[in-house]
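Protein sequences, first through last, are from chains E and F. Per the working numbering, the first sequence starts with residue 1, numbered consecutively. Per the working numbering, the second sequence starts with residue 1, numbered consecutively.
Hints should not be assumed to be uniformly reliable.
Computed spacing ranges between beta-carbons, pair by pair [stated by the list, open to error]:
1) E:His234 - F:Ala58: 31 to 41 Å
2) F:Glu82 - E:Gly322: 29 to 39 Å
3) E:Ser364 - F:Arg123: 32 to 42 Å
Under the rule of at most 25 Å between Cα atoms (straight-line distance), these lysine to any residue pairs were calculated in the SDA-like manner [claimed, not checked]:
4) F:Lys140 - E:Gly306
5) F:Lys37 - E:Gln180
6) F:Lys37 - E:Gly306
7) F:Lys140 - E:Gln384
8) E:Lys283 - E:Trp160
9) F:Lys140 - E:Val380
10) F:Lys140 - F:Thr98
11) F:Lys140 - E:Leu328
12) E:Lys283 - E:Arg181
13) F:Lys140 - E:Gly342
14) F:Lys37 - F:Ser16
15) F:Lys140 - F:Tyr119
16) F:Lys140 - E:Val377
17) F:Lys140 - E:Arg341
18) F:Lys140 - E:Val390
19) F:Lys37 - E:Arg181
20) F:Lys140 - E:Arg389
21) F:Lys37 - F:Leu51
22) F:Lys37 - F:Cys11
23) F:Lys140 - F:Cys15
24) F:Lys140 - E:Thr388
25) F:Lys37 - E:Arg232
26) F:Lys37 - E:Cys178
27) F:Lys37 - E:Gly342
28) E:Lys283 - E:Gly222
29) F:Lys37 - E:Arg341
Hints in this document: simulated from the structure, not taken from any laboratory. Note that the Cβ used here is the ideal one computed from N, Cα and C, for glycine as well.
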Amino acid sequence: MGALAVVGFVVLAPFALVAFVVAFAASTAIGVATAVGSPTRLEPVAHRAGEDPAHRLYLAGPAFQDVWRLSGAAVLATYHRLVALPDEDLPDSMFARMWRRRSIRNLDGPLVLPPAGLAGGYALGFLTVTLLIAFVTALHAVLAGTVVLAVRATACGLRWFEIITLTLRGITTECGTCEQRARPAFTCACGRVHHNLVPGAQGVFRRTCLCGHRLPALLLNGKHSLPASCGRCHSPLPPLAQSVPAVHLPVVGGTTEGRSAFLHAVLSPRQPAPVHRILLGEKNSRRLVHLYDTAGDTFEHAAFLGLAGGVILVVDPFPGPGSTDPKLTLDRVTESLTELRGTAIPLAVVITRTDALPGTGDRSMTIRRWLLDHGRVDLVNTAQNHFTRVHYFVAADDPWAPVHWLLGAFVTR
Amino acid sequence: MIGDAVICPYCRTRCSADQLLMSCGPLCASAPPFPAKTLRRNRCPHGRVPLARRVCPACGRAVPREYAEAPGRAIVVVGEREAGKSTWISAAVRQFETGEAALAGLSLHLLGESSRNRYADLRTPTTEPMLMSIRSVSAKPAVLALYELPEDDCPPDIMATAAGVVRVIDPMWLPGVRTLFGLEPRPTRPAPWAHHVPTALTVSKLDLIRDMFTHGSPLRRPGLQDRGHVESDSLDVHHEVEAWLARWGGIDVPRDHRCFALSAADGQRVAEPLLWLLSRLRATRT
Ligand SMILES: Nc1nc2c(ncn2[C@@H]2O[C@H](COP(=O)(O)OP(=O)(O)OP(=O)(O)O)[C@@H](O)[C@H]2O)c(=O)[nH]1
Ligand SMILES: Nc1nc2c(ncn2[C@@H]2O[C@H](COP(=O)(O)OP(=O)(O)OP(=O)(O)O)[C@@H](O)[C@H]2O)c(=O)[nH]1
Ligand SMILES: [Mg+2]
Ligand SMILES: [Mg+2]
Ligand SMILES: [Zn+2]
Ligand SMILES: [Zn+2]
Ligand SMILES: [Zn+2]
Ligand SMILES: [Zn+2]
Numbered sequence: 001m002g003a004l005a006v007v008g009f010v011v012l013a014p015f016a017l018v019a020f021v022v023a024f025a026a027s028t029a030i031g032v033a034t035a036v037g038s039p040t041r042l043e044p045v046a047h048r049a050g051e052d053p054a055h056r057l058y059l060a061g062p063a064f065q066d067v068w069r070l071s072g073a074a075v076l077a078t079y080h081r082l083v084a085l086p087d088e089d090l091p092d093s094m095f096a097r098m099w100r101r102r103s104i105r106n107l108d109g110p111l112v113l114p115p116a117g118l119a120g121g122y123a124l125g126f127l128t129v130t131l132l133i134a135f136v137t138a139l140h141a142v143l144a145g146t147v148v149l150a151v152r153a154t155a156c157g158l159r160w161f162e163i164i165t166l167t168l169r170g171i172t173t174e175c176g177t178c179e180q181r182a183r184p185a186f187t188c189a190c191g192r193v194h195h196n197l198v199p200g201a202q203g204v205f206r207r208t209c210l211c212g213h214r215l216p217a218l219l220l221n222g223k224h225s226l227p228a229s230c231g232r233c234h235s236p237l238p239p240l241a242q243s244v245p246a247v248h249l250p251v252v253g254g255t256t257e258g259r260s261a262f263l264h265a266v267l268s269p270r271q272p273a274p275v276h277r278i279l280l281g282e283k284n285s286r287r288l289v290h291l292y293d294t295a296g297d298t299f300e301h302a303a304f305l306g307l308a309g310g311v312i313l314v315v316d317p318f319p320g321p322g323s324t325d326p327k328l329t330l331d332r333v334t335e336s337l338t339e340l341r342g343t344a345i346p347l348a349v350v351i352t353r354t355d356a357l358p359g360t361g362d363r364s365m366t367i368r369r370w371l372l373d374h375g376r377v378d379l380v381n382t383a384q385n386h387f388t389r390v391h392y393f394v395a396a397d398d399p400w401a402p403v404h405w406l407l408g409a410f411v412t413r
Numbered sequence: 001m002i003g004d005a006v007i008c009p010y011c012r013t014r015c016s017a018d019q020l021l022m023s024c025g026p027l028c029a030s031a032p033p034f035p036a037k038t039l040r041r042n043r044c045p046h047g048r049v050p051l052a053r054r055v056c057p058a059c060g061r062a063v064p065r066e067y068a069e070a071p072g073r074a075i076v077v078v079g080e081r082e083a084g085k086s087t088w089i090s091a092a093v094r095q096f097e098t099g100e101a102a103l104a105g106l107s108l109h110l111l112g113e114s115s116r117n118r119y120a121d122l123r124t125p126t127t128e129p130m131l132m133s134i135r136s137v138s139a140k141p142a143v144l145a146l147y148e149l150p151e152d153d154c155p156p157d158i159m160a161t162a163a164g165v166v167r168v169i170d171p172m173w174l175p176g177v178r179t180l181f182g183l184e185p186r187p188t189r190p191a192p193w194a195h196h197v198p199t200a201l202t203v204s205k206l207d208l209i210r211d212m213f214t215h216g217s218p219l220r221r222p223g224l225q226d227r228g229h230v231e232s233d234s235l236d237v238h239h240e241v242e243a244w245l246a247r248w249g250g251i252d253v254p255r256d257h258r259c260f261a262l263s264a265a266d267g268q269r270v271a272e273p274l275l276w277l278l279s280r281l282r283a284t285r286t
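So that you can see chain E by itself, here it is in the shape it has in the complex (with noise of 0.2 Å):
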């Protein structure tokens, strides 16, 4: 009985190793040309309900889940093939064939010892096996745990890169339209909407949209050049808005105090719009500057003061019957301010409608020094008694003047 066992063990076990080597050939070879090779040659690994429209990236999971259902499908394989009882729904094992040849059932006695010694060489044979698959299991799961592992870690470290370096930079996206922070959203060529185009479980540096298009997963890598849209309300956002640095500059005064012809003056030919965006500096000092034309009655609505790095006062200092007074669109900001973010920003004061002042030295003191002769004593007060820093300026010297005041304290900050 024992010699039978070893017949039996004998005639499973190069059949054993045989499987052993082709499912560990096949599955290694699979692997390896997913990692290499084009995955759209694969079937595509469908995404998940509130992810993105783009699939998951075989290495940053599906990978791992593979092995573990290879390894399954293996030990269901070998137990059918092998050793299986007779099933009328399935193709007989070998054991099951020998079973139904020499009716085994029918045996008594003495007689029935060789083919239970078979048997159990066959329930040896297979426990080999099995034990053979756990270790091929073992060995794939390390492995692709590692390479899953790996691309994970470089996903998120790739993901906190670019969101350090976009602090460290100070770029922040605003939406025009929300007049807030606002998170990117990235539209590809087939018209589906990316809301989460960073590295991650779709791809590390970049990821196949749904539509077959490999869209890049980083600024650095071209995403800066995708369009950008607002991912709450899907208004575009503007080209540069993710490589430069915003700065939001409200322009406010009162009705006919001149604001129009002071942004007109700055921008030259533009047409006139509530909100102006220029890119202003050189390479690391650029800028994105947003200056906002904002008609002076109420700010209630005027959410992007929120947003402000600094405000431009234009000041008719001597307003004609039919126009605010400056001192109360001041105390109207002021407070729009105050429910919002608090004043702690700097204000550049802008004299429109009066010539050049004459005098040398410190222009800005010139200019409250002048403003004070006046009798605004008012406007003066409540700028420095506000703001962080206030400088005061005259359109007809250089209209640029308050805009750089204001990047400059924005930029030393």
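For chain E, the structure is supplied; the task is to place chain F with the ligands on it using the hints.
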């Protein structure tokens, strides 16, 4: 100081600053207002930027943030009818905006459109408060709700919340002055309220009676142009006016008081009662 009780200046309901209601912006359609304490990173429950203003949960009127966070104190300006209360308030605001107080570096801000409308039309009698914050470069802003009330018709709930009183006295109604000018005597009424808060007894229309004072009198001096509140000068005026009030009669003097005399018409010493009250309120603030 968030957490301090805010007294709504319009309906005098007491609540904490984070119970004030905020409203959603235009993008949220007509969502109901929500308490300020449910703000998440300055966003409304729909994740958008809410409107800036906060409203009282009881009366629904906007309570400026500066008033809610200071928190604001009620100052009651009382006096007989025609005593010159409105004229004084208007002149005092002007003093803080462009006059002697402004030259000392102070600035005054009317808070909210309703306060600005009230200032634009002081003539109409109303219990509508005028909210204002008075700032200097260094100190925290002092936020006040100024009520103008006629002496014979003071709503007790407003008097109960008052942190300070400015009692405007028309000298031409005092018995002593009337006999001096040969006018009919007037029956005097005792003040219908006893108050235990700092009271500025303020003689108005000083220009009408200036001739009564000697040349060395502090009431002939124009005031300290640009030096703000100076205690010694203020005490000079206090003793002088107190003596005159005692001589003219007809005024019952509250316990915690300081006397002032001013002329809104000439802009003489107009800011002084408010400056004194501010220094008193600052001193009592912990
Ligand atoms: N002399 C002179 N006139 C000016 C100057 N700036 C503006 N104006 C005149 O002031 C008027 C109003 O100027 P706008 O720039 O339209 O004023 P605004 O503040 O934009 O007015 P609204 O948009 O209506 O609120 C125009 O007739 C201008 O020609 C200036 O520096 N000097
Ligand atoms: N000469 C002089 N007249 C003044 C002065 N202040 C007020 N008046 C006059 O006193 C009158 C009453 O002034 P108001 O300020 O309206 O008095 P009020 O206390 O607000 O009056 P009611 O609101 O009606 O109770 C007006 O005719 C003013 O011109 C002052 O300092 N000097
Ligand atoms: Mg305009
Ligand atoms: Mg009045
Ligand atoms: Zn696509
Ligand atoms: Zn938006
Ligand atoms: Zn909302
Ligand atoms: Zn209320």
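Going through the hints against the structure:
1. E:His234 - F:Ala58: 31 to 41 Å: This hint holds: roughly 40 Å between Cβ atoms.
2. F:Glu82 - E:Gly322: 29 to 39 Å: Holds: the Cβ-Cβ distance is about 33 Å, inside 29 to 39 Å.
3. E:Ser364 - F:Arg123: 32 to 42 Å: Given about 41 Å between the Cβ atoms, the range holds.
4. F:Lys140 - E:Gly306: Holds - the C-alpha atoms of E:Gly306 and F:Lys140 are around 22 Å apart, at most 25 Å.
5. F:Lys37 - E:Gln180: Distance of about 20 Å is within 25 Å: holds.
6. F:Lys37 - E:Gly306: 19 Å, holds
7. F:Lys140 - E:Gln384: Holds, because 14 Å separates the two Cα atoms, which is no more than 25 Å.
8. E:Lys283 - E:Trp160: Status holds; Cα separation ~23 Å.
9. F:Lys140 - E:Val380: 18 Å, holds
10. F:Lys140 - F:Thr98: 20 Å, holds
11. F:Lys140 - E:Leu328: 22 Å, holds
12. E:Lys283 - E:Arg181: 24 Å, holds
13. F:Lys140 - E:Gly342: 13 Å, holds
14. F:Lys37 - F:Ser16: Since the Cα atoms of F:Lys37 and F:Ser16 sit roughly 10 Å apart, the hinted pair holds (cutoff 25 Å).
15. F:Lys140 - F:Tyr119: Holds, at roughly 24 Å.
16. F:Lys140 - E:Val377: Holds: F:Lys140 and E:Val377 sit about 20 Å apart, inside 25 Å.
17. F:Lys140 - E:Arg341: At roughly 17 Å apart (the allowed maximum being 25 Å), E:Arg341 and F:Lys140 satisfy the hint.
18. F:Lys140 - E:Val390: 19 Å, holds
19. F:Lys37 - E:Arg181: The hint holds at about 21 Å.
20. F:Lys140 - E:Arg389: 17 Å, holds
21. F:Lys37 - F:Leu51: 15 Å, holds
22. F:Lys37 - F:Cys11: 21 Å, holds
23. F:Lys140 - F:Cys15: Roughly 22 Å separates the two Cα atoms, so the pair holds.
24. F:Lys140 - E:Thr388: This hinted pair holds, its Cα atoms lying about 14 Å apart.
25. F:Lys37 - E:Arg232: This hinted pair holds, its Cα atoms lying about 24 Å apart.
26. F:Lys37 - E:Cys178: Status holds; Cα separation ~22 Å.
27. F:Lys37 - E:Gly342: Given that 25 Å is the threshold and the Cα spacing comes to 18 Å, the pair holds.
28. E:Lys283 - E:Gly222: 18 Å, holds
29. F:Lys37 - E:Arg341: 16 Å, holds
Going down the numbered hints, you'll see the structure goes against none, and every one checks out.
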